[in-house]
Each structure stands twice: as C-alpha cells, then as structure tokens.
Amino acid sequence: AQSVTQPDIHITVSEGASLELRCNYSYGATPYLFWYVQSPGQGLQLLLKYFSGDTLVQGIKGFEAEFKRSQSSFNLRKPSVHWSDAAEYFCAVEDFGNEKLTFGTGTRLTIIP
Amino acid sequence: DGGITQSPKYLFRKEGQNVTLSCEQNLNHDAMYWYRQDPGQGLRLIYYSQIVNDFQKGDIAEGYSVSREKKESFPLTVTSAQKNPTAFYLCASSILAGTETQYFGPGTRLLVL
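One line per chain: the protein sequences are A and B, in this order.
The opening residue of the first sequence carries number 1 in this note's numbering; numbering runs sequentially from there.
The opening residue of the second sequence carries number 1001 in this note's numbering; numbering runs sequentially from there.
Just to be clear, a hint being listed does not mean it is correct.
Label-pair ranges, simulated between beta-carbon atoms [to be verified]:
| hint | chain 1 | residue 1 | chain 2 | residue 2 | range |
| --- | --- | --- | --- | --- | --- |
| 1 | B | LEU1027 | A | GLU64 | 18 to 28 Å |
| 2 | A | LYS68 | B | ILE1060 | 39 to 49 Å |
| 3 | A | GLU15 | B | ASN1084 | 14 to 24 Å |
| 4 | B | SER1080 | A | SER80 | 48 to 58 Å |
| 5 | B | VAL1052 | A | LEU46 | 20 to 30 Å |
| 6 | A | GLU15 | B | LYS1083 | 37 to 47 Å |
| 7 | A | GLY16 | B | GLY1016 | 27 to 37 Å |
| 8 | B | ALA1061 | A | GLY16 | 38 to 48 Å |
| 9 | A | THR5 | B | THR1086 | 22 to 32 Å |
| 10 | B | TYR1010 | A | GLN45 | 36 to 46 Å |
| 11 | A | THR5 | B | GLY1063 | 45 to 55 Å |
By construction, these hints were calculated from the structure, which means they are not laboratory data.
We put the CB at the ideal spot given by N, CA and C, even for glycine.
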C-alpha cells in the first residue's frame, strides 16, 4: 500500500526566512502528488500539484515543490515566509487509477517575528 | 460563487445517537469524499462516491453510512456503532474520481456529550 511520510511534526521559522517542508512517499510507480494547507478550524486549500512533466512545480502564495524520483520526495519550499503562512501543511499522494488520496500526518508551521 | 458547504460547523452527539453531517457542492463535480481528521493522524478516508447512487467504503467506514441521491449532496451519518466519533470531518469533491484535484469544504467538528 502506498504511504506518505512527513517527518517533521512541527517547524518554527522566523518571518522572512526560507522554508522547506519534507515529504516522502512509498509507491512503485510515479504517483500524483499534492500539497495542501489548512488554517486552524478550516478546510484544506490546494497549494500545488504534480502530475507529470517539469519536476519543479509552482503553486499559489509563492510556494514551489520539487519532485525527485530518486529520493521519492516532493518537498515544499518558499524563499521567504510571511506570518500568514502559519498553518498546517499536508502532503498527499494518489496513484493512477486508485481514485483515492493518501495523506501524510501533516507539518505544523509556526512563524516567529 | 461555486464551492462546498458543510453544516453544521459544530455538532454534538449524545451516547447512542445517530447524527448526520451535511455536505453540498455546486461545482457540478461527479465525485465526493468524506474524511475524518484527528490530531497527529492526518486525514483518513471514510467513504467516497464516484457517481450518483453509488459509493464505496474508504479506510475507516465502520460506524458510518452515506447516501448519494443527488449529484450535489453527500450526507454522512455517524451511527451509534462509531464508538469514538469525536473528530473534525471534512467533505471534498472532484470533477471525476482519480487524478483530479479534490476541493474541500470548511469542515464539521463533532463532539460527544
């Protein structure tokens, strides 16, 4: 069965600093990969997705992610975080034809002044 | 505006009671999903439906039931058989099941009295 690992439960970053959130997946073929963000008590909003093609994907709010097949990773990055980026971030995987998303356990991001 | 609505925002259940969570979408999406979110566990799929009058069990369907009588509606019933119902419940929809981006509603928090 496919699985998604987000090894960092909680990350604290200073405002203006760069950010990288890690995501590793376990799956035999190339999966479809997603990053979602969730503010407290809210639903999930799609940040970006990778289906095929260019392995560097640009998303909303200045986020990007890079698919690395050799490392089975899809890490999320942002060059300079803003206080409004404080939220929980979820990586998700969908294997072709499975019709279901598998989510990681999430990484909570705290921004300090 | 198109989107997904969930009601109520908060729901309280007494012991032995069945409760129903509402999910409505006006995106004209064929597929709809229900997830349960617990702290530190990410999102887990309860049920999903690819088309009207059809639905499939997800990973944690025990103690839950659904119906899909209309394309825009996918209500979830938490039955008395669900012994630990306290959680945040998220509804999502996508154009089609599989490989399509899922869009999420704002969620319903269920608490047990």
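Consistency of the hints with the structure:
For the pair LEU1027(B) and GLU64(A), the supplied restraint of 18 to 28 Å holds, since their beta-carbon distance comes to about 27 Å. For the pair LYS68(A) and ILE1060(B), the supplied restraint of 39 to 49 Å is violated, since their beta-carbon distance comes to about 31 Å. About 38 Å separates the C-beta atoms of GLU15(A) and ASN1084(B), a value inconsistent with the hinted range of 14 to 24 Å. Here the CB-CB span from SER1080(B) to SER80(A) is close to 51 Å, well matched to the stated 48 to 58 Å.
The hint said 20 to 30 Å for the Cβ distance between VAL1052(B) and LEU46(A), and at roughly 25 Å that hint holds. The beta-carbon spacing between GLU15(A) and LYS1083(B), approximately 43 Å, falls within the hinted interval of 37 to 47 Å. Checking the proposed 27 to 37 Å range against GLY16(A) and GLY1016(B) shows it is violated: the Cβ atoms sit about 53 Å from each other. One distance hint, 38 to 48 Å for the beta-carbon pair ALA1061(B) and GLY16(A), holds here, with the actual separation near 45 Å.
Here the CB-CB span from THR5(A) to THR1086(B) is close to 26 Å, well matched to the stated 22 to 32 Å. Separated by about 21 Å at the C-beta atoms, TYR1010(B) and GLN45(A) break the suggested range of 36 to 46 Å. Distance hint check: the CB atoms of THR5(A) and GLY1063(B) are about 28 Å apart, inconsistent with the given range 45 to 55 Å.
Violated hints, listed in ascending order, are 2, 3, 7, 10 and 11; each of the other numbered hints is respected by the structure.
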